[in-house]
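*Asks:* First residue of the sequence shown: 1, per our numbering; consecutive thereafter.
Hints listed in this document are in silico derivations from the structure and should not be mistaken for laboratory results.
Just to be clear, a hint being listed does not mean it is correct.
[Unchecked claim] Below are the SDA-like pairs computed for lysine to any residue, each with C-alpha atoms no more than 25 Å apart in a straight line:
no., residue 1, residue 2
1, Lys75, Ile46
2, Lys75, Ser91
3, Lys75, Val30
4, Lys29, Phe3
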Amino acid sequence: MVFARSLRDRVRSGKITSSVRIWLRPRVKVGGRYPLFPGWILVESIEEIGMGDITEILAIESGFDSVADLLSTAKHGQGERVFLVKFRFTSSGSQETAT
Numbered sequence: 001m002v003f004a005r006s007l008r009d010r011v012r013s014g015k016i017t018s019s020v021r022i023w024l025r026p027r028v029k030v031g032g033r034y035p036l037f038p039g040w041i042l043v044e045s046i047e048e049i050g051m052g053d054i055t056e057i058l059a060i061e062s063g064f065d066s067v068a069d070l071l072s073t074a075k076h077g078q079g080e081r082v083f084l085v086k087f088r089f090t091s092s093g094s095q096e097t098a099t
């Protein structure tokens, strides 16, 4: 998973543990590990949601100031399906897997 530079430190610190993604199809899987130096993102769940499910609270929990701010980052391709990805960050030495 790729995160905007402005979000990375908050992902690493555990302040951000969810991300809204707009894709053609899921691009991560539950239990998957994805690099984010100096560790890994461990995907705990992925759920398809509707555009109407993106609330101000969800936007803020995902590291954005508003729904409009989130969508300006998330809508950058041909994707139309909305996914809510829950994850945690773990350090590079850890062999953890998502539960």
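*Asks:* List in ascending order the numbers of the hints, as given earlier, that are violated by the structure.
*Replies:* 2
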